[in-house]
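Here are the chains, one letter per residue:
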Amino acid sequence: GAVVSQHPSWVICKSGTSVKIECRSLDFQATTMFWYRQFPKQSLMLMATSNEGSKATYEQGVEKDKFLINHASLTLSTLTVTSAHPEDSSFYICSARDARSGGNEQFFGPGTRLTVL
Amino acid sequence: AQRVTQPEKLLSVFKGAPVELKCNYSYSGSPELFWYVQYSRQRLQLLLRHISRESIKGFTADLNKGETSFHLKKPFAQEEDSAMYYCALSPIQGAQKLVFGQGTRLTINP
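Chain order of the listed sequences is S and X. Counting in the numbering used here, the first sequence tops out at residue 118, every number present. Counting in the numbering used here, the second sequence tops out at residue 161, every number present.
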């Protein structure tokens, strides 16, 4: 099946620094990738839809200048949390949709746990 | 607005008993419905989708448009079914994002 990887799996950073998280589709091309965040014991909340070669579409309430998304190729999307603060600490999960698929199934990465001190 | 509701945060049943995880949705158009499962320390993975009409690991789910429901059922629960289950909705056309319910943690007792 389709595999999505994320790097790093966890990261600890100081307040005010920026952190980049990578999401890769390993064996398929993904024209669309999605970024979610998940707080403890809560569901996944979509942050933005990342489209290859164009600007990301952000959900209401998500600051696009704080969460920078780049989807430069069909297999890689990056999320950069700029000037991170402790309230940004969360579990960030990406997913990718197989371009060949006619349906809306998404394949999920293992997630990245971000802790901002 | 699109919304998915899973009324039970926790569900505990005994091995061999039937299990039903409830999911109701709100959407004005024609949605595609999914059940995703997350086993302990694993990533989220697709369990089944309504358009496939499949039975996966003994689970089935029928889309009831009249009741706007997509309940997940299994006649005989197994211990390995213990996991977090998320119901999700996606518009068939247009934006292909997923809207997730809050999730139900299913525990199968021996």
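Treat the hints with caution; some may be incorrect.
Covered stretches of chain X, as calculated for chain S (at least 3 residues, CB under 8 Å) [claimed, not checked]:
1) 94 to 105
2) 147 to 159
Okay, derived cross-link-like pairs now, DSS-like style, lysine-lysine, Cα gap no bigger than 30 Å in a straight line [what the hints assert, rightly or not]:
3) S:Lys42 to X:Lys124
4) X:Lys73 to S:Lys42
5) S:Lys42 to S:Lys21
6) X:Lys66 to X:Lys108
7) X:Lys108 to S:Lys42
8) S:Lys56 to S:Lys15
9) S:Lys42 to X:Lys60
10) S:Lys42 to S:Lys65
11) S:Lys67 to S:Lys42
12) X:Lys73 to X:Lys60
13) X:Lys66 to X:Lys124
14) X:Lys124 to X:Lys60
15) X:Lys116 to X:Lys73
16) S:Lys65 to S:Lys21
17) X:Lys116 to S:Lys65
Derived from the structure by calculation, the hints contain no laboratory data. From the three backbone atoms N, C-alpha and C, an ideal C-beta is built for every residue, glycine too.
Each hint tested on the structure:
Interface restraint, the stretch 94 to 105 of chain X with chain S: holds (6 residues with C-beta to C-beta distance below 8 Å; minimum three). With 8 residues carrying a beta carbon less than 8 Å from a beta carbon of chain S, the stretch 147 to 159 of chain X meets the three-residue requirement, and the given coverage holds. Note on Lys42 of chain S and Lys124 of chain X: the hinted pairing holds, with a Cα-Cα distance of about 23 Å set against a maximum of 30 Å. At roughly 18 Å between alpha-carbon atoms, Lys73 of chain X and Lys42 of chain S fall within 30 Å of each other, so this suggested pair holds.
With a C-alpha separation of about 24 Å, the suggested pairing of Lys42 of chain S with Lys21 of chain S holds against the 30 Å cut-off. For a cut-off of 30 Å, the pair hint linking Lys66 of chain X to Lys108 of chain X stands: about 15 Å separates their Cα positions. Of the pairs offered as hints, the one joining Lys108 of chain X and Lys42 of chain S holds, with about 25 Å between alpha carbons and a cut-off of 30 Å not exceeded. About 28 Å separates the Cα atoms of Lys56 of chain S and Lys15 of chain S, which keeps this hinted pair within 30 Å; it holds.
Proximity of Lys42 of chain S to Lys60 of chain X is assessed by CA-CA distance (about 10 Å); at most 30 Å being required, the pair is judged to hold. About 25 Å separates the Cα atoms of Lys42 of chain S and Lys65 of chain S, which keeps this hinted pair within 30 Å; it holds. A threshold of 30 Å between alpha carbons decides the hint, and for Lys67 of chain S with Lys42 of chain S the separation of about 24 Å falls inside it, so the pair holds. Restraint check: the Cα-Cα separation between Lys73 of chain X and Lys60 of chain X comes to about 10 Å, which is no more than 30 Å; the hinted pair holds.
Straight-line distance between C-alpha atoms of Lys66 of chain X and Lys124 of chain X comes to about 14 Å, which keeps the hinted pair within the 30 Å bound. Using a Cα cut-off of 30 Å, the hinted pair Lys124 of chain X and Lys60 of chain X holds, with the two alpha carbons roughly 16 Å apart. For the suggested pair Lys116 of chain X and Lys73 of chain X, the alpha carbons sit about 14 Å apart, so the restraint of at most 30 Å is met. Taken as a hint, the Lys65 of chain S and Lys21 of chain S pair is honoured in the structure, with Cα atoms around 14 Å apart against an allowance of 30 Å.
Note on Lys116 of chain X and Lys65 of chain S: the hinted pairing is violated, with a Cα-Cα distance of about 36 Å set against a maximum of 30 Å.
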